[in-house]
Amino acid sequence: MTETKPRTLFDKVWDAHVVEQLPDGTCVLYIDRHLVHEVTSPQAFEGLRLAGRKVRRPDATIAVVDHNIPTSDRRLGIAEEESRIQVETLERNVAAFGVPYFPVLDARQGIVHIVGPEQGISLPGMTIVCGDSHTSTHGALGSLAFGIGTSEVEHVLATQTLLQKPAKNMLVRVDGTLPFGCSAKDIVLAIIGKIGTAGGTGHVIEYAGEAIRALDMAGRMSVCNMSIEAGARAGMIAPDQTTFDYVRGKPYAPKGEALERAIAYWATLPSDAGAQYDKTVVLNAADIAPMVTWGTNPEAVVPVTGVVPDPAAEPDEAKRAQMQRMLEYMDLTAGQKLAGVPVDVVFIGSCTNGRIEDLRMAAAVTRGRKVADGVRAMVVPGSGIVKQLAEAEGLDKVFLEAGFEWREPGCSMCLGMNPDKLTPGQRCASTSNRNFEGRQGPGGRTHLLSPAMAAAAAVTGRLTDVRDMA
Amino acid sequence: MDKFTTLTAVAAPLPIANVDTDKIIPARFLKTIKRTGLGVHLFDTLRYDSEGRERPEFVLNTEPYRKAQVLIAHENFGCGSSREHAPWALLDFGIRCVIAPDFADIFHNNCFKNGILPVRLPRAVCDQLMEDARLGGNARVTVDLERQVVVRPNGEEIHFEIDPFRKHLLLNGLDDIGQTLQYAPKIDTYESRQREEKSWLPGITVA
Numbered sequence: 018m019t020e021t022k023p024r025t026l027f028d029k030v031w032d033a034h035v036v037e038q039l040p041d042g043t044c045v046l047y048i049d050r051h052l053v054h055e056v057t058s059p060q061a062f063e064g065l066r067l068a069g070r071k072v073r074r075p076d077a078t079i080a081v082v083d084h085n086i087p088t089s090d091r092r093l094g095i096a097e098e099e100s101r102i103q104v105e106t107l108e109r110n111v112a113a114f115g116v117p118y119f120p121v122l123d124a125r126q127g128i129v130h131i132v133g134p135e136q137g138i139s140l141p142g143m144t145i146v147c148g149d150s151h152t153s154t155h156g157a158l159g160s161l162a163f164g165i166g167t168s169e170v171e172h173v174l175a176t177q178t179l180l181q182k183p184a185k186n187m188l189v190r191v192d193g194t195l196p197f198g199c200s201a202k203d204i205v206l207a208i209i210g211k212i213g214t215a216g217g218t219g220h221v222i223e224y225a226g227e228a229i230r231a232l233d234m235a236g237r238m239s240v241c242n243m244s245i246e247a248g249a250r251a252g253m254i255a256p257d258q259t260t261f262d263y264v265r266g267k268p269y270a271p272k273g274e275a276l277e278r279a280i281a282y283w284a285t286l287p288s289d290a291g292a293q294y295d296k297t298v299v300l301n302a303a304d305i306a307p308m309v310t311w312g313t314n315p316e317a318v319v320p321v322t323g324v325v326p327d328p329a330a331e332p333d334e335a336k337r338a339q340m341q342r343m344l345e346y347m348d349l350t351a352g353q354k355l356a357g358v359p360v361d362v363v364f365i366g367s368c369t370n371g372r373i374e375d376l377r378m379a380a381a382v383t384r385g386r387k388v389a390d391g392v393r394a395m396v397v398p399g400s401g402i403v404k405q406l407a408e409a410e411g412l413d414k415v416f417l418e419a420g421f422e423w424r425e426p427g428c429s430m431c432l433g434m435n436p437d438k439l440t441p442g443q444r445c446a447s448t449s450n451r452n453f454e455g456r457q458g459p460g461g462r463t464h465l466l467s468p469a470m471a472a473a474a475a476v477t478g479r480l481t482d483v484r485d486m487a
Numbered sequence: 206m207d208k209f210t211t212l213t214a215v216a217a218p219l220p221i222a223n224v225d226t227d228k229i230i231p232a233r234f235l236k237t238i239k240r241t242g243l244g245v246h247l248f249d250t251l252r253y254d255s256e257g258r259e260r261p262e263f264v265l266n267t268e269p270y271r272k273a274q275v276l277i278a279h280e281n282f283g284c285g286s287s288r289e290h291a292p293w294a295l296l297d298f299g300i301r302c303v304i305a306p307d308f309a310d311i312f313h314n315n316c317f318k319n320g321i322l323p324v325r326l327p328r329a330v331c332d333q334l335m336e337d338a339r340l341g342g343n344a345r346v347t348v349d350l351e352r353q354v355v356v357r358p359n360g361e362e363i364h365f366e367i368d369p370f371r372k373h374l375l376l377n378g379l380d381d382i383g384q385t386l387q388y389a390p391k392i393d394t395y396e397s398r399q400r401e402e403k404s405w406l407p408g409i410t411v412a
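For the record, the sequence lines run as chains A and B.
Here the first sequence is numbered in our numbering, starting from 18 and rising by one per residue.
Here the second sequence is numbered in our numbering, starting from 206 and rising by one per residue.
Derived from the structure by calculation, the hints contain no laboratory data.
Being a predicted model, the structure only gives us computed values, none of them experimental.
Positions of the beta carbon are idealized from the N, C-alpha and C atoms, including for glycine.
Please note that the accuracy of each hint is not assured.
[Said to hold, decoys possible] Residues of chain B placed beyond 12 angstroms of chain A at every Cβ, according to the derived structure:
1) K208
2) T213
3) V215
4) Q274
[To be verified] The following label-pair restraints were derived from C-beta to C-beta distances:
5) Q258(A) - R400(B): 27 to 37 angstroms
6) P369(B) - E408(A): 49 to 59 angstroms
7) P369(B) - K296(A): 22 to 32 angstroms
8) D254(B) - T322(A): 32 to 42 angstroms
Okay, chain B solo, but in the shape it has when bound (with noise of 0.2 angstroms):
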């Protein structure tokens, strides 16, 4: 997984509540067997029409927005199913952070596993950073995981709230499994005093 740091980038505004990860990626993208390639399948309905052409009234479609590196939306992004392939086809596309006023549980978590940094901020203040986003290629906004700030491109900082064990994670572009595993000698105690306890819980194999 790639470090997130620092990122000074364009930014697209989607002034859209609810969007859902099967508007992210369409169930029909999803027979991938990769992580990669799912770029050009981001937001798949709104971006192209039934013939597959460009829809030009798309933000994605338009200069600067097709070089965007941060994605500003409303309420509630990323609802919907668990599929990963959202991160993935966001991260595939060159998305690095999104900013919304909330985010659903499991696409939340996703985001951290894929070097994808969500950032919470209240709902006028993502109008804001939309309205600072229309005004085009000059106007980048910057995102310090560290200090924990967003930069308008008028230097305005605001601060957002993230958890500790997730920010260090993402900074160092650590991984998971190997972090767990430290825990691998507390992991076989639990299944000890598992099986003793719970010895009637049965295992699976299949015949």
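With the rest of the complex left out, here is chain A (with noise of 0.2 angstroms):
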């Protein structure tokens, strides 16, 4: 029988949402949370209404606005036009089908990977889905969470379901202890690099090891936020006591008696001893220093003590072309230091980095000192919630002291859709996930980062290893 045997974290929470399993394997998943925003949903409804289906449980549903708002004064509406529609679209949508909605003006709004855990709606052991492909964040809390397609939004609002197959088991052990100047992005970006954006491909991974056990709620999700840049189906780490810590108090989630029978149960998502992976990546911490990507895809990744590979040692012919490519639009050249880069724009936000212990990281390095000539650097934080935290603490100050921008939140620069773009030829320190081709606007040049490392670019105005300011 299949029972005894041990079972990883991402068994146990899909076997827990098994409604049928078909001949071929395929499963009828059920989807205990879907995240919804403006981008990836309008053909969804659009596809409910022609068929004359409801949303089947709107109580397991919150949509959100993020993509497309402007991170100014928002009371002043939406200037552009497409945007406006789109998220008044959106707007129509959740008050026809009755789904839950944190309104632009409200406190509560923010990037929907960053609400969900923050407000408890994400929490651990559960199916969560999102037409995005960064609910892999959601993972952090021991659930099972990823990126689906609209037409698959269509068909949870519509069932409460997915046909799927399941994944591949991937562990990523992280051992040892993260030096200083390091953080969880340092870590993610590390693993990309080792096993490249399609090392994950039709694996859910799973995160463990001392440095991963080590790391806050926050920098677990910055982990779990870039499983999809390595392919992976989704990132998971399994529930512990700050996981449990964390979720206590959030506004939606089980309270008193009920948490503490939540709990009893997320204690035993954990992977069994001698679970089996079908693949099994192991790190040291000790190994990893704070990292720059120099490429246009989050592989292309070194250390910022590094320097830009050469093309030339690289055997395959069309690998080799692909890094010429990246070399020319991002105006680097073989052989060049990272440290030292002149930047144009800093960018610190995003659902990988959006959040108060990112604006903390970032603060720490700011604080007294002033953004260099020459160079916008903007804060954003990821809600509505952060930002009034982060108000609370100071932290907007130490910011616009130094000369930041600081912002109202959404997805802004992360990737071209709303007003916060990269002009052709800016280069820019990034915190957000995908460094690809025009992502923060047509031209635009990106370089992954820490917060740390994009607050120490904002006021050398080069890309600067963090680790020298201290």
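Grab the two chains, each in its own frame, and use the hints to assemble them into the complex.
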């Protein structure tokens, strides 16, 4: 019997949500939470309307606007017509279908992947989906959370299930202690650098090991967030005391005796001893340094002390051509040191690094310093709640006095869908998750790095090893 | 969704690995509330210069590939975001089949929901098919889903693997939701059991 076989965290959450298994192994998988935003949902609601279908479980669904909205004063509305139409379409749809919604002027509004955990809407052991690839973020709670396309959004709205085949299990273990100057972002960039952008394809990654256990929930979310950049379907971290402490007191989390029963269940979820993984990768945290990407996908990453690699050393012709193209696009040369490359823009925010803990790390570097001349530096809190917390701690003053912009919550410059964009040729030190060509605006050049490293770049005007600024 | 049975068409070679969904359709074009009309922006930055003029060297701007219905690429096609606008843009342009050594998971999933067949074939075979495609307009490739073969212009047949359930849906142009709703009673049962076993799990209402 398979019941006695040791199971992984992923296996347990998966098994608990199988409604029906079809003969070929495809499962009807129950979805506990469905997060909805304005970009990937209009066609799904339209599909429901055309078929005369309802939202099966509005009480398991939450909508926010994040991708399109400006991060300036929102009482002024949205100037850009198409963005405004998309936001208004969402507002009409949530009203028509009875879906719970945090409106743009509500303090709870923010980036969907910040809002879910922050409100206790995302909880351990759940299946969580959203029409957004960075849904993997919520796996930090020990849930199975993954991005879906719009057809699947419609499928979940209509049936509260998805047709899925189980993924394979991959273990990424990070042993040891993270060195001074490094944070979760450096861990995940190091992982992607090691396994590549397709290293996790077909797998759900479970992150484990001493360095992962030592992370707070924000750090765990940064790691799980970028699972998709390694091609993985999802990333997960076993729930533990850190998780339970985080969930306790969140607005939509269970309370009192109900919470104790929930925790008793969640405590059964960590992988069994002897559970088998299809793939295992081990890193030593002590080997990790502050990381910076040099190319146009997240695996093109080196420690800030490193140099731009030489395409001539790449034996595969297609890969060599791709590297060459990256260097041209990024306007870098083989052998060039990353430290010292001048930047035009610094962006601190996104679903990867827009939490209060991220802003504290950036503020610690910024405090008492000034943004370098000619650099546009911006901080965009991940939600209205993050913004309030930061202001209560005086972080807004630290950033504003240094010359940063302090903006309203949203996806902002992570992707060029709202007014926060790079102009062609601009170089940006960014705490976001993707450095694809044109991701932050056509012709824009992105260097992914941690919040502390971004702050260091802002005050020096160059990519800088944050450890030199202590 | 349109059925996919057999397709004989011009194939366009795109010998690039890690073609991400921002490359297939940049985020600034995701503001539509429709599924159609995105074909003109397919591969926008590869296809047009900053003035909006066609880049003459890009494959889809040359004959006979303007009418390509098959696209052949390298590893990890469709990586990045979950945007279904990527397959919508391909479909709106006229692409019904993408052949590559492997695909990113979400993109792969999204293709099937839109009547696009993603075919996984080894890199060496993809390179061979690209060579065939470069022979020009008469060198059409045939993709036969029922028999699971790609037929080269010289008649050689190459077998490919596909998930049987997805093959069935694609061959018959079936709506996923309709399929799942056959299990509605089981979903009801699951939900009642969950309400009992996980009674601590709260619902969401916004005050």
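So, going through the hints one by one against the coordinates:
no., hint, result
1, K208, "holds (16 angstroms)"
2, T213, "holds (27 angstroms)"
3, V215, "holds (22 angstroms)"
4, Q274, "holds (21 angstroms)"
5, Q258(A) - R400(B): 27 to 37 angstroms, "holds (28 angstroms)"
6, P369(B) - E408(A): 49 to 59 angstroms, "holds (56 angstroms)"
7, P369(B) - K296(A): 22 to 32 angstroms, "holds (25 angstroms)"
8, D254(B) - T322(A): 32 to 42 angstroms, "holds (37 angstroms)"
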